[in-house]
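The chain contents come next:
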Amino acid sequence: MFSFSQMNKSIAIFITASVVAIFGAFFLYPVGMTLGTAFKDVHGGFTFDYFIAVLKNPYYIEGLWNALMMGIGSTLLALIIAFPLAIASHKWIFPGKKILSILILAPLILPPFVGAVGIRQIMGVSGSFNTLLIDLGLMNANHPMDWLGESRLWGVITMNALHLYPILYINIAAALAHLDPAMEQAAQNLGCSPWRRLKKITLPLCMPGIFAGAAIVFIWSFTELGVPLVFDYTRVASVQVYDGIKDLDQNPMPFALVGIMLIISILTFSLSKFFLRKSIISQTSRPQAHANARTLSKQKGWGVAAIFASVIIIACIPHIGVFLLSVSNDWYGSILPNSMTLSHYSEALGHPLVVPSIKNSLIYASGATLINLILGTAIAWVIVRSTIRGRIILDGIMMLPLAVPGLVLAFGYIAITQIGEPLHWLVGSTNNPILLLIIAYAVRRLPYVVRAAVAGLEQSSKTLEEAAQTLGVSPKRIIQKIAIPLIGGNLIAGGILAFAFAMLEVSDSLILAQNATYYPITKAIYSLLSTLGNGHELAAALGVWSMCFLGISIVGAVVILGKRGNHLFRM
Amino acid sequence: MNLFPISFSWLKLRLIIVFALALCIGLPIVLNYMQGNQNTLSPEDADRELVIISPHNETIRRELGEAFQTWWKKKSGESVYVNWLTPGGTSEIRMVIDSRFAAAKKTKTNGISIDLLFGGGDYLYKQQAKKNRLEKLKVFTSHPKWFSSDVIPATFTGETYYDANHQWVGVCLSRFGICYNIDALKRRGLTPPTQWSDLTDPRYFGGIALADPTKSGSAARAFEMIIQQQIQKAKATLPRKPGETPKQYEMRLRSEGWDNGLNIIQKIAANSRYFTDSATKIPRDVAQGDAVAGMCIDFYGYTYEEMLKHKLGKSRIQWVAPKNGTSMSVDPVAVFKGAPNPKLAQAFVEFLLTKEGQSLWSNRPGTPNGPKHRALHRMPIRRDIYTKENNQYFAIPSNPYHEMGEFSYDRRLTGHGFAAIRFIIRIMCIDTHDELKNAWKQLILANYPPRATKIFSDLTVVSYQNAMGGITKKVTGKDKIKTAHMAMRLGKFLRKNYNHAAKLAKEGK
Numbered sequence: 000m001f002s003f004s005q006m007n008k009s010i011a012i013f014i015t016a017s018v019v020a021i022f023g024a025f026f027l028y029p030v031g032m033t034l035g036t037a038f039k040d041v042h043g044g045f046t047f048d049y050f051i052a053v054l055k056n057p058y059y060i061e062g063l064w065n066a067l068m069m070g071i072g073s074t075l076l077a078l079i080i081a082f083p084l085a086i087a088s089h090k091w092i093f094p095g096k097k098i099l100s101i102l103i104l105a106p107l108i109l110p111p112f113v114g115a116v117g118i119r120q121i122m123g124v125s126g127s128f129n130t131l132l133i134d135l136g137l138m139n140a141n142h143p144m145d146w147l148g149e150s151r152l153w154g155v156i157t158m159n160a161l162h163l164y165p166i167l168y169i170n171i172a173a174a175l176a177h178l179d180p181a182m183e184q185a186a187q188n189l190g191c192s193p194w195r196r197l198k199k200i201t202l203p204l205c206m207p208g209i210f211a212g213a214a215i216v217f218i219w220s221f222t223e224l225g226v227p228l229v230f231d232y233t234r235v236a237s238v239q240v241y242d243g244i245k246d247l248d249q250n251p252m253p254f255a256l257v258g259i260m261l262i263i264s265i266l267t268f269s270l271s272k273f274f275l276r277k278s279i280i281s282q283t284s285r286p287q288a289h290a291n292a293r294t295l296s297k298q299k300g301w302g303v304a305a306i307f308a309s310v311i312i313i314a315c316i317p318h319i320g321v322f323l324l325s326v327s328n329d330w331y332g333s334i335l336p337n338s339m340t341l342s343h344y345s346e347a348l349g350h351p352l353v354v355p356s357i358k359n360s361l362i363y364a365s366g367a368t369l370i371n372l373i374l375g376t377a378i379a380w381v382i383v384r385s386t387i388r389g390r391i392i393l394d395g396i397m398m399l400p401l402a403v404p405g406l407v408l409a410f411g412y413i414a415i416t417q418i419g420e421p422l423h424w425l426v427g428s429t430n431n432p433i434l435l436l437i438i439a440y441a442v443r444r445l446p447y448v449v450r451a452a453v454a455g456l457e458q459s460s461k462t463l464e465e466a467a468q469t470l471g472v473s474p475k476r477i478i479q480k481i482a483i484p485l486i487g488g489n490l491i492a493g494g495i496l497a498f499a500f501a502m503l504e505v506s507d508s509l510i511l512a513q514n515a516t517y518y519p520i521t522k523a524i525y526s527l528l529s530t531l532g533n534g535h536e537l538a539a540a541l542g543v544w545s546m547c548f549l550g551i552s553i554v555g556a557v558v559i560l561g562k563r564g565n566h567l568f569r570m
Numbered sequence: 000m001n002l003f004p005i006s007f008s009w010l011k012l013r014l015i016i017v018f019a020l021a022l023c024i025g026l027p028i029v030l031n032y033m034q035g036n037q038n039t040l041s042p043e044d045a046d047r048e049l050v051i052i053s054p055h056n057e058t059i060r061r062e063l064g065e066a067f068q069t070w071w072k073k074k075s076g077e078s079v080y081v082n083w084l085t086p087g088g089t090s091e092i093r094m095v096i097d098s099r100f101a102a103a104k105k106t107k108t109n110g111i112s113i114d115l116l117f118g119g120g121d122y123l124y125k126q127q128a129k130k131n132r133l134e135k136l137k138v139f140t141s142h143p144k145w146f147s148s149d150v151i152p153a154t155f156t157g158e159t160y161y162d163a164n165h166q167w168v169g170v171c172l173s174r175f176g177i178c179y180n181i182d183a184l185k186r187r188g189l190t191p192p193t194q195w196s197d198l199t200d201p202r203y204f205g206g207i208a209l210a211d212p213t214k215s216g217s218a219a220r221a222f223e224m225i226i227q228q229q230i231q232k233a234k235a236t237l238p239r240k241p242g243e244t245p246k247q248y249e250m251r252l253r254s255e256g257w258d259n260g261l262n263i264i265q266k267i268a269a270n271s272r273y274f275t276d277s278a279t280k281i282p283r284d285v286a287q288g289d290a291v292a293g294m295c296i297d298f299y300g301y302t303y304e305e306m307l308k309h310k311l312g313k314s315r316i317q318w319v320a321p322k323n324g325t326s327m328s329v330d331p332v333a334v335f336k337g338a339p340n341p342k343l344a345q346a347f348v349e350f351l352l353t354k355e356g357q358s359l360w361s362n363r364p365g366t367p368n369g370p371k372h373r374a375l376h377r378m379p380i381r382r383d384i385y386t387k388e389n390n391q392y393f394a395i396p397s398n399p400y401h402e403m404g405e406f407s408y409d410r411r412l413t414g415h416g417f418a419a420i421r422f423i424i425r426i427m428c429i430d431t432h433d434e435l436k437n438a439w440k441q442l443i444l445a446n447y448p449p450r451a452t453k454i455f456s457d458l459t460v461v462s463y464q465n466a467m468g469g470i471t472k473k474v475t476g477k478d479k480i481k482t483a484h485m486a487m488r489l490g491k492f493l494r495k496n497y498n499h500a501a502k503l504a505k506e507g508k
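These protein sequence lines are chains A and B, in that order.
Under numbering that gives the first Met the number 0, the very last position in the first sequence is 570; numbers go up by exactly one each time.
Under numbering that gives the first Met the number 0, the very last position in the second sequence is 508; numbers go up by exactly one each time.
Calculated directly from the structure, the hints in this document are not laboratory data.
Model, not experiment: these values are computed from the prediction.
Every residue, glycine too, gets a C-beta built ideally from N, C-alpha and C.
Keep in mind that the hints are not guaranteed to be accurate.
Not close to chain B: a few residues of chain A, all C-beta gaps over 12 Å, as computed [stated by the list, open to error]:
(1) Ala11
(2) Val18
(3) Arg119
(4) Lys245
(5) Gly395
If you want the footprint, here are the derived chain A segments under chain B, 3+ residues with CB under 8 Å [to be verified]:
(6) 306 to 320
(7) 452 to 458
(8) 542 to 553
Computed list of lysine to aspartate or glutamate pairs in EDC-like fashion (alpha-carbon distance at most 16 Å, straight line) [what the hints assert, rightly or not]:
(9) Lys73(B) with Asp97(B)
(10) Lys104(B) with Glu149(A)
(11) Lys39(A) with Asp478(B)
(12) Lys477(B) with Glu420(A)
(13) Lys125(B) with Asp231(A)
(14) Lys481(B) with Asp248(A)
(15) Lys105(B) with Asp40(A)
(16) Lys232(B) with Asp409(B)
(17) Lys473(B) with Asp40(A)
(18) Lys440(B) with Asp246(A)
(19) Lys495(B) with Glu61(A)
(20) Lys125(B) with Glu158(B)
(21) Lys107(B) with Glu420(A)
(22) Lys472(B) with Asp248(A)
(23) Lys473(B) with Asp248(A)
(24) Lys480(A) with Glu465(A)
(25) Lys354(B) with Asp409(B)
(26) Lys436(B) with Asp231(A)
(27) Lys477(B) with Glu183(A)
(28) Lys74(B) with Glu355(B)
(29) Lys90(A) with Glu183(A)
(30) Lys8(A) with Glu346(A)
(31) Lys232(B) with Asp200(B)
(32) Lys232(B) with Glu243(B)
(33) Lys73(B) with Glu355(B)
(34) Lys477(B) with Asp48(A)
(35) Lys436(B) with Glu149(A)
(36) Lys371(B) with Glu465(A)
(37) Lys440(B) with Asp97(B)
(38) Lys336(B) with Asp97(B)
(39) Lys125(B) with Asp97(B)
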């Protein structure tokens, strides 16, 4: 007779095989096509010479080391910001909590390209911040501080952390929403101090959420390109790869460097997962109740609200910069723009590129998010629930899309969809990149959903599923009726991240959407940026539009998805 | 449980969100309608489609695309949809083209489904022509009179304006120069720069924005000019030594000029904040005062200058062509072999060189043959456009054919080592930027102690002979691992030198 565990295993093998096939075709194959040059010698034979040359060159070693520092530093700082905030939001009621809990996610909606311009407007030599300090008499007008030019690594780490902490926050919030308050209450009744409760109960129980967020933040910041470029910080691996790929002399060294970065990413991920495994405890049952948040005293409440507000204001410096830029005629050497106008909005939003790009972005991002939710849940189920061998490796590989530089993957896609290649059908004879872009977006955003779903499954016990299995419920129904409802909050968290970052995708959009008919919003922003004269202001106006759109969509998702969303954000 | 329980009911909140979303999506649709864009031609409605891959900015694409549609309609009665492929800058375009030709070769397909390559420096075109990817241009036979010295000269300031085999032709001119912020200069006690070597002044430290020569051929050419200028200066000032053969004398002049040029580049790089491949970043940073001065293409400089002048009376950003230090290069156009629409592609080239096409670059919006939306601030290639009558319509009244000094780019001096120059600047200035800046800072602080200064300036490993010989051979050779090893060896040497110079300077030696 076909036993349940066998059924479990055969489904797991089927899912794994399908996922590996999809992932192989749309990730490993294109990346391999691009990175292949790093393994070819002058006669076309196999070589490790480029790898060895990278490892021997102190310039690249320093770049890798700095990237590692950037990754670790940003992750720790983001954790320091996100964890207390998530705990505070989970445990206490304080003034303005509802609005603050949503606004804290603001960094998620910062549009690319113009975000960097926004920071420069505020933190530049003649920016608002320096002008404010000069006006207050705290800075010599003849020697203004060059914040972006002087701080470098620390600046990059701070900016990364302020941009990425929502990923941790949203994952920890999802984990906390899962917590069964009974355990904490029991500890409290037994006289356990709040600090000890946090250390012994809350922290281990929400460790899957912390790990999920931290893994993404680490790999993201280890390979981050945009922020180091804002600070003109070039001695870091991601920038070295970017510069090398674009070099007119076409040397394969940057591709070898990408290979090494991938190995470091997967090693760091697997090692930390291995060591953290012991500290993960799953709960025995689905929480029946949700912890009642305690109302803080007026003074303490306002204190917590002030901390939230400060983080939001600092994290929103680029947003504020982008907004003010979008309404400025000229903004130079003053705290606020010298004169304001709305004309950039009518010019930017009325540009012929914009309306089609909105439609395109919606199609690409929704399609990608849908694929991610299906694939991500299936993969997470295999990783957490199945017993098949190699699932840990599968878990590690799923993180790789975050670590591959956008340009590498994008050119890989171009290579595999050329005429005569097996995947040419994706673009067809009309060179229509819609399918390709949906897949490209989905592949790069898959880790968010996988991590969120893995965290959810790890946190919830499999006893319910086992019970259902014993009662003869089909695995499909188990997933539908038990597993997915259990991890609904996590899926919303992962889905929001996947959707937001798909809407703001850069590299694939620039390279693959070459024809104006298929431009997504990010490419429209990029195009407007190159308008002579007021390009930055026009791009900022469209940037503000996308911030509004994404902001409303995220709040909308939370509201319309109902109860689950509420648990997630502890409204 | 409710999201915003105090002020709104659940239903109201949903309604507010739906309304906000509708407003958000509706606004661009309404604005689009109000601006008459609904009449924009779609690919499905057009009789023909022209596919152009280009690094040109949105302003240029829009003006030229629309003007060509009108021109073609008048000429043939057909509507044409101009499909611009814009994967990014010249580097990305080169990668896309390479990737497509590789696939075409594999499948034995003729062409890459792109008609034209338009814009970017002539370096990209020379590479493509060398790879036999470009079609001969018909305009050379249909309008032979255009290719005379009083219309489109074959060369000017030492730059080639069209391919000898007629595979590409320049359509507009540009040159690298210096843009600077007058407020920032004043703050640092500097006077406006007039030539490249002015940027070596230590008061510029941390304030210069540079274009990346490893990613852009025209930026690399600007650096090459700094070297050529020094070689020509050496020729004008250094006398021949007794007993020196003419060949030895020539080599000495080239070597000394080369060394001086590299030292100038080294100091400018030591003063710099960054090397970028983003053309708009430099004028923007200078306009905002984040950088004091930067290396900038003329039309970006002019655009910013005019934009800020218009609003404040006098512009805080100025652009200057370095005295005898810049050549006038072209932005070409070429038709790809196997173009899907060869006839239309050839017509586009013809259009660009007609007086109507040429005036788009220079004229103010609304003037005869001028652009519709905004001025492009670029200089047309045709000499006969620069007439008194046309001058009144120009956005910038200037005639490049009169303005350029006596300096002329001489390919024989450094052209052979063009790849080596890019490589050397990468090793000497970009990869070692942190060490270079630190050493320069210590030298400035210690008032240039002789030993430290000598070590800092020692560039014998990248001398003229080495550059034109071994370095060029390896950089242009097929075995990239050899280039990588050379990069490591030279990089290590220069880093050591810079660190040593910094240490000695700190000790006052």
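How the hints compare with the structure:
no.	hint	verdict
1	Ala11	holds, 36 Å
2	Val18	holds, 28 Å
3	Arg119	violated, 6 Å
4	Lys245	violated, 4 Å
5	Gly395	holds, 29 Å
6	306 to 320	violated (count 0)
7	452 to 458	violated (count 0)
8	542 to 553	holds (count 5)
9	Lys73(B) with Asp97(B)	violated, 36 Å
10	Lys104(B) with Glu149(A)	violated, 49 Å
11	Lys39(A) with Asp478(B)	holds, 10 Å
12	Lys477(B) with Glu420(A)	violated, 26 Å
13	Lys125(B) with Asp231(A)	violated, 32 Å
14	Lys481(B) with Asp248(A)	holds, 13 Å
15	Lys105(B) with Asp40(A)	violated, 20 Å
16	Lys232(B) with Asp409(B)	holds, 13 Å
17	Lys473(B) with Asp40(A)	holds, 15 Å
18	Lys440(B) with Asp246(A)	violated, 28 Å
19	Lys495(B) with Glu61(A)	holds, 15 Å
20	Lys125(B) with Glu158(B)	holds, 12 Å
21	Lys107(B) with Glu420(A)	holds, 12 Å
22	Lys472(B) with Asp248(A)	holds, 13 Å
23	Lys473(B) with Asp248(A)	holds, 11 Å
24	Lys480(A) with Glu465(A)	holds, 13 Å
25	Lys354(B) with Asp409(B)	violated, 30 Å
26	Lys436(B) with Asp231(A)	holds, 13 Å
27	Lys477(B) with Glu183(A)	violated, 67 Å
28	Lys74(B) with Glu355(B)	holds, 13 Å
29	Lys90(A) with Glu183(A)	holds, 11 Å
30	Lys8(A) with Glu346(A)	violated, 58 Å
31	Lys232(B) with Asp200(B)	violated, 20 Å
32	Lys232(B) with Glu243(B)	violated, 19 Å
33	Lys73(B) with Glu355(B)	holds, 13 Å
34	Lys477(B) with Asp48(A)	holds, 15 Å
35	Lys436(B) with Glu149(A)	holds, 12 Å
36	Lys371(B) with Glu465(A)	violated, 70 Å
37	Lys440(B) with Asp97(B)	violated, 42 Å
38	Lys336(B) with Asp97(B)	holds, 14 Å
39	Lys125(B) with Asp97(B)	holds, 14 Å
Going through the hint list in order, the structure does not satisfy hints 3, 4, 6, 7, 9, 10, 12, 13, 15, 18, 25, 27, 30, 31, 32, 36 and 37.
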